[in-house]
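Novice: Chain by chain, the residues:
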Amino acid sequence: MAEHMTEDAPRRRVSLRDQIDCVPVYVVWEITLACNLKCVHCGSRAGHRRARELSTSECIDVVRQLAELGTREITIIGGEAFVRKDWLTLVRAIHDHGIDCTMQTGGYKLSREMIEAAAGAGLLGLGVSIDGLKPLHDRLRGVAGSYDEAVRVLNDCRSVGLISSVNTQITSTVMPELPALMDVIIDAGAKYWQVQLTVAMGNAVDHDDILLQPYELNTLMPLLADLHRKGGERDLLLLPGNNIGYFGPYDVLWRGPDRGYFGGCPAGQNAVGLEADGTLKGCPSLATERYGAGDVRDTPIAELWATHPALQFNRNRGVEDLWGFCRDCYFAEVCRGGCTWTADSLLGRRGNNPYCHHRVLKLAERGVRERIVKIEDAAALPFATGRFALIEEPIPIEDARA
Amino acid sequence: MSGTVTPPQQGRTAPVMVLCRQCVRYVFEGTATCPHCGRDAREMSARYRDGGYLAAEAMLSIERAAERRRG
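Residue numbers (the working numbering), protein chains in the order written: chain A, 1 to 402; chain B, 403 to 473.
Honestly, the hints are just simulated from the structure, not real lab data. Mixed in with the good hints, there may be bad ones.
[To be verified] Pairs of lysine to any residue, SDA-like flavour, derived with a Cα cap of 25 Å:
{"no.": "1", "chain 1": "A", "residue 1": "LYS230", "chain 2": "B", "residue 2": "ASP452"}
{"no.": "2", "chain 1": "A", "residue 1": "LYS230", "chain 2": "B", "residue 2": "GLY453"}
{"no.": "3", "chain 1": "A", "residue 1": "LYS362", "chain 2": "B", "residue 2": "PHE430"}
{"no.": "4", "chain 1": "A", "residue 1": "LYS109", "chain 2": "A", "residue 2": "ARG49"}
{"no.": "5", "chain 1": "A", "residue 1": "LYS85", "chain 2": "A", "residue 2": "ARG297"}
Isolated chain A (complex conformation):
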């Protein structure tokens, strides 16, 4: 979902006070795991609904509790959020509790009438996933025609007057398509474009050939910088997801100086994730096995938020759990290994993140680069992780010359 859904100061922007008080400002809520797409990179292995998804009344109580805790934005996701029959009721409940409601969707079979109804219920913005041009997108999303549907949804948002954004997964083959994709996005009326690296989780572990190699950030980052500049000239703001970083030469373009630098993973400090069966986490994408903090049916959210160790790990975190390159990095104290989800899913432990442009550049000064190799598959469960080895190797002579 776009960082800037309203003007240039979204309500979910975290203040120093929010950080100190650990206000759960931003919530990403999987309201169902049911989905009408079959994405080969899906970390939650969405498809069928969970066994014990929260009822409508339980969901509304969750909204009430989050409002009491100071939540300012909730993004509903799935699976596919609108597959859930009461999704408009939940949008309205979120809106009526004074919380901004946004939604992330694949857009497949989301009709213009449904978009209008959502806007009427108080939906503030819609993020549509588009992962490349038509052949690549349809292959990654596992459904022929899903690309056309996603673009149609963007056009429908424009005609309805709903703010739309695009979310693109950076996979191993998408880079050459990004300039043309940007043209499509602009023509369809989107104002924000968030990109994020596909993470080694769930289905993406099964299809590990789609994962970018860490050293490819050397090609990706200048490309994103170029697109950021060109998009800006055409009223499209390219925004980095939390796993695009960190502190490289282009960070100032998309994270500062006016928007602030990457100050570490916000999971469990100002960000919350909620699974459809009521499992609370610090971030929606984290491995449930290691980061699930319990069921909101059994314990009030305020109590889990205040006491559960799975939600506390970032709040006073220093550099003690960093390892590998990140441990001795100049930015360690600020960055703390970047995106917890990315590092933890890949290597089974947070605190060492090879998907970092600064790191890639520093390693290149020594003539080396890092490559990942899968050594263990992921279980057939939502948010399951596999295991990858990190290989340091000399940069091939032809690449070094380039």
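Assemble the complex: chain A is given as a structure, and chain B must be docked to it using the hints.
Specialist: Leaving out everything else, chain B in the frame of chain A:
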């Protein structure tokens, strides 16, 4: 479900970073020699002044001061 709100523990804030006024990469506040470009991080370059970074720096300082006052 009842919701007795217990104040959570205090969270940490990230150390203050500023931009090197030469290479426009982040350095810790108070840094004299930029670890990225090796030049004086406090000395204004044309790129910094003319690229709008000085204005942004001023705005950010005001925002931070205001936040500290509110806090």
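Novice: Work down the list of hints and note, for each, if the structure agrees.
Specialist: Going down the list of hints, with the structure as the test:
no. : hint                : result
1   : A:LYS230 - B:ASP452 : holds, 20 Å
2   : A:LYS230 - B:GLY453 : holds, 17 Å
3   : A:LYS362 - B:PHE430 : holds, 18 Å
4   : A:LYS109 - A:ARG49  : holds, 18 Å
5   : A:LYS85 - A:ARG297  : holds, 21 Å
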